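Engineer: Residue-level listing of the chains:
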Amino acid sequence: MGVNVTNLLYLVTIVTFILALRFLSSPAHARRGNQIGAAGMLVAIAVTFAKSGLTDYWAIAVAMVIGGGFGAVAARKVKMTAMPQMVALFNGVGGGAAALVSLAELHRILPDPGRPKVDIGIAIVLSALIGSISFAGSMIAFAKLQELIGGRPITYAGQQFVNGALFIACLSAGVALVAGWQQEWLLWALAAGALVFGVLFVLPIGGADMPVVISLLNAFTGLAAAATGFELESNVLIVSGMLVGASGTLLTLLMGRAMNRSVTNVLFGAFGQVSAGAAAVAAGGDGGTVRSASAEDVAVMLAYAHKVVFVPGYGLAVAQAQHDVRALADLLEAKGVEVTYAIHPVAGRMPGHMNVLLAEANVPYPQLKEMDDANPEFSRTDVAVVVGANDVVNPDARSNHGSPIYGMPILNVDDAQAVVVLKRSMNPGFAGIENPLFYNPKTVMLFGDAKASIVQLVQDVKNV
Amino acid sequence: MSHNTLLVFEVTILVLAIFLGFEVISKVPAMLHTPLMSGTNAIHGIVIVGAMLVLGLGHKGPFTWVLGFVAVVLASANVVGGFVVTDRMLQMFRKREPAKPADPTQNGT
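Quick mapping for you: the protein sequence lines, in order, are chains W and D.
Sequence positions in the first sequence follow my numbering and run 1151 to 1614.
Sequence positions in the second sequence follow my numbering and run 38 to 146.
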C-alpha cells in the first residue's frame, strides 16, 4: 500500500474518533459513536498491518490476542461499581505502551545516524516521561480505588521537596539527551525516575480527589500518545492523542471548578491532612442535636410526598445500593410521587460516576439532573434523600468562611421541606469535615448500611 | 518533503486538534463524563499503531522486539478494554421503557 493511501486511511480513523466524541453529546446516540470509533480503530490496525516492510506478523498477532483477550475479559467481568479503577487501569497500560515505544525508538535510532533530530529527541523524552508518570500514577490510582492500599493521603515531611527534586532530575536527564548527550541508559534512568515520580505524586492524593487525578492521568496518556506521533511522524497518533489530551485537560479543570479548588491545590495539597485543624474549628460550634428516625418514619414521609429527590454519593457505590434505590423510586412513582436524582459533578470517584451507576440500575437518564438544574428544584421538593453523600451537600461550603470546602458549589438539599440522610454513623466523612446539615432541624438521620436501609425502606413503603 | 516542512505540518495539526478537542468535548453533558473518559481512553489506545511499527519494523535485535511485544500487549488491552467497557456503559443509558417496572433479573444484584 502506498504511503498516501495509508495516510488517507489513517485520516478515516481520525474522522471516526472525532465522530465518536461528537456523538457523546447526547446519550441517545452515544453508543453508536463508540462503535464508529471502534471501527475506526480497526481500520488503523488493518492499515498498519498492510504497511510495506512490516514483518513479524505472528508476533504482533500473538501480542494482540494476549492484550486484547485480557482487556475484553476484564472489561466484561468488571462490576459497574469498580468502573473508576478499570478506567485507571486501561489508562495506565496506554501510558506504559507509549513509554515503551519511545524507549524502543531511541534504541533503533541511536547507533547509526548518531543523533536524532532535536524535535524527535524532544518527542522521545516527552513520551517516555509523561507515559511513565501516567503508567505508575494510574497503577497507584487503581490500587487506591481497588483498596489494595489505603485511600487516605500518604504524606511525610519534605514530600514536596523530594517530588520536586525527582521531577527536576528527570527533566535534566531529558534536556541532556536532547542537547546531545546520547546515552541510552539516560532515557532508561529518566523513565525509571518518572515511574517513581508517578507513584509519589498520586500517593498523597486522597480518595475524594480521585475525579481530578483520573482526569489528569487521562490527559497525560493522551499527550504521551501525541508525542509518540511526533517520534513516528504519524498524524493519526498526533491528532488522536491530542484529542484525548484536550478532553482530559478540560475534565480536570471542570472537576477542579466543581470543588472550587485549583488543580494545583488538589495535586499538592494532600487535602485530608491539612483540613484536620480547620475541621476542628468548624466542629467547634455546637450544632445542636441530631434527630434519628426509623425506616418506618422515613417510609411514611416518602410515601406521602409529592416530590422526592435522591442525592447519591460515593457511599451509594460502596454499598452497591443503586438497584435498591431504583426499586424504591419505582415504588414511590407507582404511588404517584415525582422522583428525580440530583447529581453533583464530583460525587463519587470519577467524573460522572453516579450517572453510570444509576444507569446500570435502569434509571431513565432524563431523571438524572445535573447540579445547575437540580438546585432550583429543591425549594419545591418535599423530601431530599441523601444516600452516602457528604461534602457535596455540606451547607458550610456556602456560609462558613473557616470551612476547608468554603466556596465549593453544593447541592442545596436544605432548601427542601425535609432531608433524610442515610449514613453509617456520625463519623465525619473522608475529609473529616463536620457537616451542619446533620444538625439542621429539617434533617433526620437514618443510620445503617445504605443498602440495608434502602431495602428496609422498600419494605416499609409497601406497608404504608 | 523536508523534515522541517513535515514538522511544521505536524505542529499545525497538533494545534488544530487541541481546539477541535476542546470544542467537541465541551458539548458532552456531565452525565456522560465517565463514558467520555473511558471512550477517550480507548482512543489513546491508537498508540497500538506505534507499538506495531516498533515490533514489526524494529529490526534491531531481540531488545526492541521484546519492548515492542510488551507495548503491543499493553496497547491492545487498552484498545479492546476501553471500547468494550465504554460500550457496556453506554448501552445502560436509556430513556424510560414504557410502563415496565424494574427488570427482575437486574434487581438487588
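If you're looking for bench data, these hints aren't it; they were derived computationally from the structure.
All values reported here derive from a predicted model rather than from experimental measurement.
Glycine residues also receive a C-beta, built at the ideal position from the N, C-alpha and C atoms.
Please note: incorrect hints may appear among the correct ones.
Listed below are the simulated DSSO-like cross-link pairs for lysine-lysine, each with C-alpha atoms no more than 30 Å apart in a straight line [said to hold, decoys possible]:
1) W:Lys1229 <-> W:Lys1592
2) W:Lys1612 <-> D:Lys132
3) D:Lys64 <-> W:Lys1267
Pairwise CB distance ranges, derived in the manner of DEER restraints [claimed, not checked]:
4) D:Gly98 <-> W:Arg1226: 30 to 40 Å
5) W:Asp1447 <-> D:Lys64: 39 to 49 Å
6) D:Val103 <-> W:Asn1415: 33 to 43 Å
7) D:Gly98 <-> W:Leu1321: 28 to 38 Å
8) W:Pro1545 <-> D:Val103: 24 to 34 Å
9) D:Thr49 <-> W:Val1325: 17 to 27 Å
10) W:Ser1322 <-> D:Val45: 23 to 33 Å
11) D:Thr49 <-> W:Val1155: 33 to 43 Å
12) D:Val52 <-> W:Leu1169: 18 to 28 Å
Engineer: Against this structure, judge whether each hint is valid.
Structural biologist: To see whether the hints hold, each was checked on the structure:
A threshold of 30 Å between alpha carbons decides the hint, and for lysine 1229 of chain W with lysine 1592 of chain W the separation of about 36 Å lies outside it, so the pair is violated. Distance check on the hinted pair: lysine 1612 of chain W and lysine 132 of chain D sit about 26 Å apart at the alpha-carbon level, within 30 Å; holds. Restraint check for lysine 64 of chain D and lysine 1267 of chain W: not satisfied, since their Cα atoms lie roughly 39 Å apart, outside the 30 Å limit. Remark: the range hint 30 to 40 Å for glycine 98 of chain D to arginine 1226 of chain W is upheld by a beta-carbon distance near 37 Å.
The supplied range of 39 to 49 Å is met by aspartate 1447 of chain W and lysine 64 of chain D, whose beta-carbon atoms lie about 44 Å from each other. Between valine 103 of chain D and asparagine 1415 of chain W, the C-beta spacing of about 42 Å keeps the proposed range 33 to 43 Å intact. The hinted window of 28 to 38 Å between glycine 98 of chain D and leucine 1321 of chain W holds, with their beta carbons roughly 30 Å apart. About 57 Å separates the C-beta atoms of proline 1545 of chain W and valine 103 of chain D, a value inconsistent with the hinted range of 24 to 34 Å.
At roughly 26 Å, the beta carbons of threonine 49 of chain D and valine 1325 of chain W sit within the given window of 17 to 27 Å. Restraint check, serine 1322 of chain W to valine 45 of chain D: a C-beta distance of roughly 29 Å satisfies the suggested window 23 to 33 Å. In this structure the supplied range 33 to 43 Å is violated for threonine 49 of chain D paired with valine 1155 of chain W, their Cβ-Cβ distance being about 22 Å. Evaluation of the 18 to 28 Å hint for valine 52 of chain D and leucine 1169 of chain W yields a pass: the beta carbon distance comes to about 21 Å.
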